[in-house]
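Between the sequences and the hints, there should be enough to build the whole structure, so can you do that?
Residue numbers (UniProt numbering): 1 to 102.
Wrong hints could be hidden among the right ones.
To be verified - Simulated crosslink set (DSSO-like; lysine-lysine; CA at most 30 Å straight-line): (1) 41 <-> 23; (2) 64 <-> 10; (3) 7 <-> 35; (4) 35 <-> 23; (5) 38 <-> 23; (6) 64 <-> 33; (7) 38 <-> 64; (8) 33 <-> 99; (9) 10 <-> 35; (10) 99 <-> 41; (11) 41 <-> 7; (12) 33 <-> 10; (13) 23 <-> 10; (14) 7 <-> 23; (15) 64 <-> 7; (16) 23 <-> 33.
Hints in this document: simulated from the structure, not taken from any laboratory.
Quantities reported herein were computed from a predicted structural model and do not represent experimental measurements.
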Amino acid sequence: MGWVMYKTHKGLNTYENESLAPKDAFEVLKYIKNKFGKRLKYGKDFWDIVTDDIYNDLIIDGIKINLGFDNWSGVFIMAWDERGNELVEEIAEMIQRDKFLL
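Below, the structure written as structure tokens:
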């Protein structure tokens, strides 16, 4: 199906690709690291693994987003607040432009 932008019930952006596998979340992280370089900070130094879900908080320019995988969404990049909405849109535009994991 490819990447699709949705809004959560709180009005926050979540960019998802349900056709991707859990290992692809790590490829997305590498892609984001390459694009944002030193602007990227981790919320944690590890990935949380809960049952079939993996996720990690990322901080780019002081804005927190969440990257992960679950059985419902596949790989997702999700905003934590309104500022995160713009960042998720920026990442989505990069992914589309670069045709990354389409």
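Going through the hints against the structure:
1. For the suggested pair residue 41 and residue 23, the alpha carbons sit about 21 Å apart, so the restraint of at most 30 Å is met.
2. With a C-alpha separation of about 16 Å, the suggested pairing of residue 64 with residue 10 holds against the 30 Å cut-off.
3. The hinted pair formed by residue 7 and residue 35 meets the criterion: a straight-line CA distance of about 24 Å does not exceed 30 Å.
4. Between the alpha carbons of residue 35 and residue 23 the distance comes to roughly 19 Å, so the proposed pair stays at or under 30 Å and holds.
5. The hinted pair formed by residue 38 and residue 23 meets the criterion: a straight-line CA distance of about 23 Å does not exceed 30 Å.
6. Only pairs whose Cα atoms come within 30 Å are accepted, and residue 64 paired with residue 33 is accepted, the gap being roughly 14 Å.
7. Only pairs whose Cα atoms come within 30 Å are accepted, and residue 38 paired with residue 64 is accepted, the gap being roughly 15 Å.
8. A threshold of 30 Å between alpha carbons decides the hint, and for residue 33 with residue 99 the separation of about 17 Å falls inside it, so the pair holds.
9. As the CA atoms of residue 10 and residue 35 are separated by approximately 28 Å, the hinted pair is consistent with the 30 Å bound.
10. A threshold of 30 Å between alpha carbons decides the hint, and for residue 99 with residue 41 the separation of about 24 Å falls inside it, so the pair holds.
11. With a C-alpha separation of about 24 Å, the suggested pairing of residue 41 with residue 7 holds against the 30 Å cut-off.
12. Our distance criterion of 30 Å between C-alpha atoms is met by residue 33 and residue 10, whose separation comes to about 27 Å.
13. A C-alpha spacing of about 28 Å is found between residue 23 and residue 10, which places the hinted pair at or below 30 Å, so the restraint holds.
14. Our distance criterion of 30 Å between C-alpha atoms is met by residue 7 and residue 23, whose separation comes to about 24 Å.
15. Note on residue 64 and residue 7: the hinted pairing holds, with a Cα-Cα distance of about 17 Å set against a maximum of 30 Å.
16. Our distance criterion of 30 Å between C-alpha atoms is met by residue 23 and residue 33, whose separation comes to about 16 Å.
Consistency note: the structure conflicts with none of the earlier hints.
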